[in-house]
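*Asks:* Letter by letter, the chains look like this.
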Amino acid sequence: MSLKQQMSEQKPEERIGNFDEVALGYTEQQAVIEAERCLECSDPQCVAGCPVNIDIPGFVSRIKNKDFDKAIGILKKSNALPAICGRVCPQEEQCEKLCVLGKKGEPLAIGRLERFCADYERDAGVKSPAKAKSSGKNVAVIGAGPAGLTAAAELAKAGHGVTIYEALHEPGGVLTYGIPEFRLPKDIVRQEVDYIRNLGVDIKVDYVIGRIKTLDELRDEFDAVFVGTGAGLPRFMRIEGENLNGVYSANEFLTRVNLMKAYRFPDYDTPIKCGNKIVVVGAGNVAMDAARCALRLGAEEVTVVYRRSEAEMSARIEEVEHAKEEGVIFNLLTNPVRILEGENKTATGVECVNMELGEPDESGRRRPIPIEGSEHVIDADIVIVAIGTSPNPVIFAGSEELETTSKGTIVVDEDAMSSLAGLCAGGDVVTGAATVISAMGAGKQAASTISRYLGNQS
Amino acid sequence: MSYNIIETRNLVPDVDLMKVEAPDIAKAAKAGQFVILRIDESGERIPLTIADFDVEEGSITVIYQVMGKTTKQLTTLKTGDTLQDFVGPLGTPSDIRKLGTVVMVGGGIGVAPVYPQARAYREAGNHVISIIGARNEEMLILEDEMAEVSDELYVATDDGSKGHHGFVTDIVKDILDSDQQVDRIVIIGPPIMMKVGAGVTAPYGVETLVSLNPIMIDGTGMCGGCRVSVGGETKFACVDGPEFDASGVDFDLMMSRLSFYRPQEKEALESYSKKCGGDCKCH
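Going down the list, the protein sequences come from chains A and B. Under our numbering, read the first sequence as residues 48 to 505, first letter to last. Under our numbering, read the second sequence as residues 6 to 288, first letter to last.
Read the hints as simulated data drawn from the structure, not as lab findings. Where is the CB? At the ideal position from N, CA and C, for every residue including glycine. One or more hints might be untrue.
[Unchecked claim] Cut-off 20 Å, straight-line C-alpha distance, at most; resulting in silico cross-link-like pairs (SDA-like, lysine to any residue): (1) A:392 x B:261; (2) A:320 x B:263; (3) B:279 x A:314; (4) A:251 x B:63; (5) A:51 x A:144; (6) A:371 x A:144; (7) B:240 x B:253.
[Stated by the list, open to error] Covered stretches of chain B (in silico footprint by chain A; criterion: 3 or more residues with CB under 8 Å from a CB of chain A, positions within the stretch not fixed): (8) 45-58; (9) 132-143; (10) 214-227; (11) 263-273.
[Unchecked claim] Short, incomplete list of chain A residues facing chain B, as computed with Cβ under 10 Å: (12) 70; (13) 307; (14) 403; (15) 407; (16) 410.
The task is simple: from the sequences and hints, build the whole structure.
*Replies:* What follows is the structure, given as structure tokens:
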């Protein structure tokens with residue numbers, strides 16, 4: 048049975064005192080040893096598991112030969128953001144899930160190898176990509192998250208003029224405001240975004256579509272439009288006490304920490320309150336990120352409250368393990384019913400009930416049912432709600448025609464085209480909150496649809 | 006990005022005006038909307054209501070009161086300096102149409118956002134009665150500008166140094182008690198003034214709107230930091246507002262949420278004052 052090369056990490060007791068990256072990456076030697084485990088299957092399953100279909104055996108075999116430049120070249124053919132994907136993709140659900148080595152041991156550490164190549168390139172100095180021959184067509188991309196950045200890179204490589212409109216002051220979407228520095232250093236996001244700029248993409252920040260211009264106006268101005276505005280509208284629980292002081296949406300908490308660098312207050316101006324006892328509601332990656340940020344801000348006790356059991360948690364296994372190592376407490380099969388109020392309308396605790404799992408619901412997961420009489424209070428001066436997000440309707444202001452679902456997501460066909468000609472959409476704005484890599488896959492798909500659409504126009 | 010400051014002016018003690026070159030925002034702006042600005046790389050994002058916009062000049066005017074670190078730092082910027090970020094127009098524009106008689110009430114710095122609304126109501130054919138107030142005569146802003154866009158203008162000062170000795174809401178009550186037909190009242194000012202104002206107008210059943218000013222970060226609806234309770238429902242002031250029907254607003258909740266970061270705000274100001282070493286106007 049063969050196992051993955053271990054990757055070194057900051058020790059839990061050290062890392063909870065800083066926001067530096069937890070996982071430290073492979074050394075050159077480790078990368079080569081790991082790459083040598085690859086069987087170079089003639090019919091590689093791993094590629095099918097990758098939403099952007101990277102030639103995995105191709106880049107891995109170059110690592111074996113220590114030809115890292117070639118390896119990164121192969122990666123970048125399919126994926127403009129390898130340093131990010133190598134870090135945040137749930138590989139256990141994707142490429143690595145299908146790796147044949149996984150049947151009798153551990154799968155190849157594809158994500159870590161991808162990360163190694165990207166980091167190698169960064170240390171060696173990223174080469175500027177060659178500019179494509181101009182097609183004479185212009186495409187607007189709304190949103191500079193993973194979907195928009197990927198679509199923009201692909202469209203620029205196809206020779207189209209690309210302008211990205213981003214509402215926040217920094218591109219990256221969730222990569223910038225959501226995923227913390229200790230999982231994805233912001234320098235790396237900036238570097239990957241610069242690569243996309245070097246492809247000739249113009250990124251306009253501070254630009255809110257739906258307010259400065261409507262979608263319809265953009266459609267008039269550009270030959271095609273891609274909407275990759277994500278699912279940024281936080282869901283709340285609609286329980287008593289949810290608007291009390293000390294109750295944050297995970298989006299707000301993480302935006303303050305990651306985008307505004309509130310953990311460096313007062314060197315940075317944006318404040319944050321962390322408190323002593325924190326309750327985080329939810330068990331996705333966002334909940335793990337919020338809980339682990341809270342620890343690093345000095346919280347004494349951080350408890351994750353989740354209404355189902357460990358098996359149903361949607362966070363990456365690695366992130367849950369990291370959170371546990373760092374001391375996050377998990378109260379599973381527990382559901383908040385009310386937030387308790389203290390002085391000056393400030394939260395003092397969360398009243399919860401215990402749950403048991405019943406029959407599977409429409410999502411296929413066993414439905415949690417409250418156990419009567421199990422009410423109990425968890426003390427908390429800060430409560431962070433991380434129960435999901437949905438698409439932000441601001442983008443649609445003034446554009447009534449676009450077909451959307453009752454959940455606010457944009458309806459698209461299998462080619463990512465919406466009900467409006469020349470307007471494609473992809474990522475969380477279509478699927479609801481999902482993963483970085485699936486958004487990138489959708490961005491790539493949409494770019495090829497747009498190129499085809501533009502080809503038919505001329 | 007960076008945005009040129011094309012004019013700065015001190016209006017009254019601790020209240021400054023800043024005009025920023027932002028042609029795209031000026032073209033899209035409507036009365037009742039706001040912008041979010043960030044001074045520099047380490048800065049925070051703060052919301053300021055649009056006090057004026059000029060499409061030809063491509064400019065947005067904001068008026069701010071010096072309250073803490075960021076607004077203090079703003080006063081050090083001069084014509085020719087730049088802001089790192091200037092985002093807008095944000096929020097839902099005011100619902101401006103011909104209603105008949107509209108009473109516009111502005112208290113303190115709140116006169117600034119009242120001004121473009123009063124102008125728009127007037128242009129829509131309404132009879133506009135404006136009431137503006139301040140602590141004292143010295144602190145009163147935009148009196149001439151308001152006179153220009155109002156059919157009637159009343160002034161109130163807390164100390165009686167100009168106009169009515171008392172609160173703007175006293176004048177509102179007098180108007181409501183008179184025979185005059187009033188179709189809408191808009192009150193913008195400090196939260197406590199809006200709360201009191203809402204209490205004064207409620208018994209008369211005249212539609213009363215307030216513009217809320219909770220804490221904001223992104224201003225685009227992605228975080229809920231600005232959430233307020235209106236008619237028992239949670240609303241995000243940055244996208245659903247900032248204007249709401251006053252009768253349903255939980256002002257006490259909003260005021261307590263506004264005070265949540267007081268200790269940090271104090272700390273930021275102290276740390277800034279130490280750092281700038283008297284080189285600025287903040288001493």
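*Asks:* List, from low to high, the hint numbers that the structure doesn't satisfy.
*Replies:* 6, 9, 12, 14, 15, 16
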